[in-house]
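Just so you know, the protein sequences line up as chains A and B, in that order. Residue numbering for the first sequence is 1 to 444, as defined by my numbering. Residue numbering for the second sequence is 1001 to 1380, as defined by my numbering.
Careful: at least some of the hints might be erroneous.
Using 35 Å as the maximum straight-line C-alpha spacing, the simulated DSBU-like pairs for lysine-lysine come out as follows [stated by the list, open to error]:
(1) B/K1215 x B/K1357
(2) A/K81 x B/K1215
(3) A/K430 x B/K1047
With the Cβ distance kept under 8 Å, some of the chain A side facing chain B (calculated, not the full set) [claimed, not checked]:
(4) Q45
(5) D80
(6) W82
(7) H141
(8) R212
(9) P214
(10) P365
(11) R368
(12) Q371
No lab work stands behind these hints: they were computed from the structure. All figures in this text were calculated on a predicted structure; none of them were measured in a lab. Glycine included, each C-beta is placed from N, C-alpha and C at the ideal position.
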Amino acid sequence: MLDRLIEFFKPHVWPLVFAIVIVALVPLIAGYIVLLERKVMADMQARLGPMRVGPHGLLQPIADALKLLLKEDIIPDGADKWIFWLAPLLSVTAAMLAMSVIPFGPVFQIADLNVGILFLLGIGSMGIYGIVLGGWASNSHYSLLGALRSSAQLVSYETAAGMAIVSGLMFGGTLSTRALVQAQLDSHMWFFICAPIGFFLYLVASIAETNRAPFDLPEAESELVAGYMTEYSGFRWALYFLAEYTNMIVVASIATTLFLGGWLRPFPNAGWAGFFDYIPMLLMLLVAGYCVYRAPKQPVQIQKLVMYGVAGLCALLAIILALPVFGSAGSILAAMKPGVHGAFWFLAKVTLYLYVFLWLRFTVPRYRFDQLMSLGWHFLIPISIVNVLGVGIALYLHRSVEEGGKGWPLAASIILTILATLAVAAWLAKRNETKPALAEPEKF
Amino acid sequence: MSDITTTGFANVEQTVLGADELIINMGPQHPSTHGVLRVRLKLDGEKIVGSECIIGYLHRGVEKIAEHRSYQQFAPYVDRMDYVAAVSNGLGYCEAVEKLMSVEAPPRARVIRTILTELQRIASHLVWLGTHALDIGALTPIFYCFREREEILKIFEKYCGARLTTHAFRIGGLQYEAYDTLEHDVERFCKDFATKVDEYETLLSENRIWVGRTKNIGVLTAEQAIALGVSGPVIRASGVKWDLRKATPYAAYDQYQFEIPTGKNGDTYDRYMVRMEEMRQSAKICLQAIQNIPTGPIMARIGKVLKPPPGEVYHAIEAPKGELGYYIVSDGTTQPYRVRIRPPSFINLQAFDAMVKGHLVADVVAIIGTLDIVLGEVDR
């Protein structure tokens, strides 16, 4: 009996461990993305950003989380209590669930579904229920408008994002996230080189889907106060916040997996690019060195200690990253390499992708709602469909090489279809300019 | 603006889907109503079919206070009206009382007044630009704007010790002599300020989103603008070349060369461009003024106790936000019989309903921003 139970649970042990690690770490990572966002914002705006809690504000996310946990929990009088209570949970559950199929390394993945990408798209759309229900249950005009905007926006951009993903999938020929990365390793290139337009479309659509600037209309603070979150406070609000940042990590992970080679280092097959293996550990050593250098300059004793602590942590990471590189071939250390370095490269790519989100947020103003819709329906969706067609034609032209020996080389066919797609894009852009916007201001 | 007690709006239209209109209260506590403006919006979906501005949340009875203060005592109160352009308010009041008493400030005082007022115009426009961009969703320009505004406030602080509500001028001239490095400070600031304006423009002027959010938004034709009595950059953006600095020169403006920028379409983008150009022109005026500051006294010969002869006077200046007028009635005593202030923000706000109709909720904040209202001045 016991044997059979153990036999039954055995394949679930590692996924369970991974799931616990992810659920424990994601809120922390989301908190530090907020800190990163505030620091990047401060850098772009000629100021320092959070500096008080911990050295350089390093403990700010923890202080923020504590504050939110201790705040009074307010449910407005006219609100629908149960739905008000349920909505943020829905949002955060959907966002967390999406993390389950993302491969952080060749091993570190909760479940390698054969319909991984499809699952991601479906679960991603579930999150909108949390927003719509939350906005509706708050019994406030601003919340309702924010929720309506959010749902309309998500529905519009989901199509473009889906089509953009399809263009990447056609090169991989699979829906499983792990197999997609493997396909990029086998074909010796990341898919964003094959499908740059698809990657770009996904970048734009994913910004819109996560309600980030310049598409952050559902929570545009200068118009709708805080959109669907207006009536939320304390921990419930924190849950929405967590859902939003988890969603950002999810879309960045999808883009990384599908277009940026997942856990692979740059040029994974090329022998001359072996020096890339040393970069993670050197980077960590650099950070550790900087912390040691800065530590004596901290004004308070505890800040010095924290600084040394961070340095120690980075040094430890550097050692962990160095072991597989210097371990003799065939040993258990060398076998760790794909896992440890894979996680590093994956997180590095996700961070880069998120940096683009932040960069855009602090640079450009916000779209108006009709302009957002117009951009989605009149430009992104047609282009994404044309792009899928183009990729299909390119692959058809190329595949006939393998069969008949008379087809086109891959590079030539891809470049040709990219040019064709760009021409269509230019034509669409021109056409949209002459066409009046959806909501033409009335003549007085 | 209709009466607050009436339930309906002046102009009720049929909604597109025949659905009920949604009435939204924007403010008085709202991030982008620039203080305590309350706007009732009647929405069809997100489209605005009617609007009503409700003001008075910041009413302090400035005009009534004037009747119980001597002329000098009232001067600091006017700084609290348009608190982002206190120097301009003070200039208007001081000149109005001087006109009532038929005295003139000495040339040196007038030139220094001009310099400080033009610096204040730049500072006021910088606050406008930062908040306007913030309302439309550009988070960064406000920090660059406040960086430059800080330089101006430092000059004010060095001159009179105060930064915001300065009370920089006195009736009859200036209380303080210019400090030693005033010319140097102003020159250093104004010389590279034009490049700073270019810097703001790189962030916004050709940004597709910015242009899309401001072009053809809140259009005010020249006829409408004149009929509504708006002034300042709002009327100039509609193509009317009306600037009191040229029309009825005061202080030392008749001595300097500067352009009056005007727009064509009277939309939000034009008002943006007009104000940007005004900042450059103001810097130009300051640079001309510091070249030749006359020497001599800084106060006209007036008594300690001001007793203007009975009579009345209206004096208006071109404040950063438009025509700022003071109508003062004297009954021959030490206290004004009546002071009536014509604040530019209050009159410009009247154009709000005409500008906002047919637009979307998002445009409301753009239009409030482009009117550049200060509620301290609207409510007084």
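Classify the hint on A/Q45 as holds or violated, based on whether any CB of chain B lies nearer than 8 Å to its CB. It holds, given that the least Cβ distance between A/Q45 and chain B is near 4 Å, below 8 Å.
Interface hint check: A/Q371, Cβ to nearest Cβ on chain B, cutoff 8 Å. Holds or violated? 5 Å, holds
Does A/P365 pass the interface hint, meaning its C-beta sits closer than 8 Å to a C-beta of chain B? Interface hint status for A/P365: holds (4 Å vs cutoff 8 Å).
Would you mind confirming whether the straight-line C-alpha gap from B/K1215 to B/K1357 stays at or under 35 Å? 15 Å, holds
If you take the shortest Cβ to Cβ gap from A/R368 to chain B, is it below 8 Å? 5 Å, holds
Pairwise hint evaluation, B/K1047 against A/K430, where the allowed Cα distance is 35 Å at most: The hint holds at about 27 Å.
Mind checking the CB of A/R212 against every CB in chain B and telling me if the closest is under 8 Å? 11 Å, violated
Once the shortest beta carbon distance from A/W82 to chain B is found, is it less than 8 Å? 25 Å, violated
Holds or violated: is the Cβ of A/P214 closer than 8 Å to a Cβ in chain B? 6 Å, holds
Grab the minimum C-beta distance from A/H141 to chain B and call the hint holds if it beats 8 Å, violated otherwise. A/H141 check passes; min Cβ-Cβ to chain B is 5 Å, inside 8 Å.
Would you check whether A/D80 satisfies its interface hint, that is, whether its CB is within less than 8 Å of any CB in chain B? 19 Å, violated
Under the criterion that the straight-line Cα-Cα distance not exceed 35 Å, is the pair A/K81, B/K1215 satisfied? Not OK: A/K81 and B/K1215 at ~43 Å, beyond 35 Å, violated.
Going through the hint list in order, the structure does not satisfy hints 2, 5, 6 and 8.
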